[in-house]
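From first to last, the protein sequence lines stand for chains A and B.
Taking my numbering, the leading residue of the first sequence gets 8, the next gets one more, and so forth.
Taking my numbering, the leading residue of the second sequence gets 1197, the next gets one more, and so forth.
Every clue listed holds true.
Only pairs whose alpha carbons sit at most 20 Å apart, straight line, appear in this in silico DMTMM-like list of lysine to aspartate or glutamate: (1) 10/A - 42/A; (2) 1206/B - 166/A; (3) 38/A - 51/A; (4) 1295/B - 49/A; (5) 44/A - 13/A; (6) 1298/B - 60/A; (7) 45/A - 13/A; (8) 1295/B - 51/A; (9) 38/A - 54/A; (10) 113/A - 1236/B; (11) 143/A - 60/A; (12) 50/A - 1292/B; (13) 1293/B - 54/A; (14) 77/A - 13/A; (15) 144/A - 60/A; (16) 1298/B - 54/A; (17) 1295/B - 60/A; (18) 1206/B - 60/A.
Note that these hints are calculated values from the structure, not bench results.
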Amino acid sequence: MNKNLDLFLTFMKIGAFTFGGGYAMIPLIQKEVCENKKWLNEKDISDIVAISESTPGPIAINAATFVGYKTSGFLGACMATLGVVLPSFLIISIISLILTQFQSIKAVRYAFMGIRAAVLALILKALWMMFKQVKKKKKPFSYVIMGLSLVLTAFLKIDAVFVIISCGLFGLLWSLLNRKEQSND
Amino acid sequence: MIERFLAFLKIGAFTFGGGYAMIAMIQSEAERHGWLTQEELVDFVALSESTPGPLAVNMATFVGMRTEGVFGAIIATLGIVLPSFIIILIIANFFEKYKKSKAVGGIMSGLKPAVVGMIGAAFISVARTVFFPSGISLSAFSSASFWIFLGLFAVTAVLVFKKVHPIKIILLSAVIGVVAGYGLGL
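Kindly generate the complete structure, drawing on both the sequences and the hints.
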């Protein structure tokens, strides 16, 4: 089979069968891309995780683009990305159309009231997972940034993009300053 | 339309750390442009969790679809995907260098805690929607629905941390929502 078409179909399968976002996708990518198709090796997969964490955007898109590009260049990247997006796009479009018609039903409204409490729990879990990662580093600096970004976005309603850019720059400056101190010692 | 595309381009280009980090970002933009209410946003998170595919893409498609139909969905999804796509293409060639770069490490040391803070902000605003739908007031504490949703949150939180599958938890909470809704005549 044409490699680009194969990339498209493989990533469409991955997109259609993973629930819960990018991280849940990594084991599936590993199985398909390393074991079944042998496009990449294990080391490339760990690179994908590292690269996805340090670049912006959805992890699934980062991973698909990376695998596609490594396997078959620019066209491969396009096909893999399109493949991973398409199932989501189609499924959500259909649900969105159905939802508009069901929204006026009382039971549906009640159901969503309950679901919102569950979403809050899911956000709490995500918050805890990310917090654990930062906690491992044991830097007081991280807690200052954490608190600042929380207050700025939650209470002062500062634009989230502005907060992200400033915290990134702040981290860069801080690491440069620390490096200077270390070399002076 | 171009405005919508640019807004999602911005969200795609500045979201680090996956779908949940994006909630604060979408909220910020949605509020400014008046795309959707806080309740709708929370519902989209639930539906995005219960359907396959990347959370970020699901949410972008939802917001686009809701505000401007199929064309809006295409624009929003394209906007969220494009920055990732381009950045990865650029980086893929000199990835080893990028990975070891001190500058990238420094920036990430500021970004990671910032993302935690932003998810915290999303938690606070969603909590406000769930527990105080008609504004924070003393009378809210005396309503039965407040305590039911608080209890439901506590139960689902335990289930989430016990690694029960999110879809099961969402279904369970939907059932409890229906029972409580009819029971209390909300």
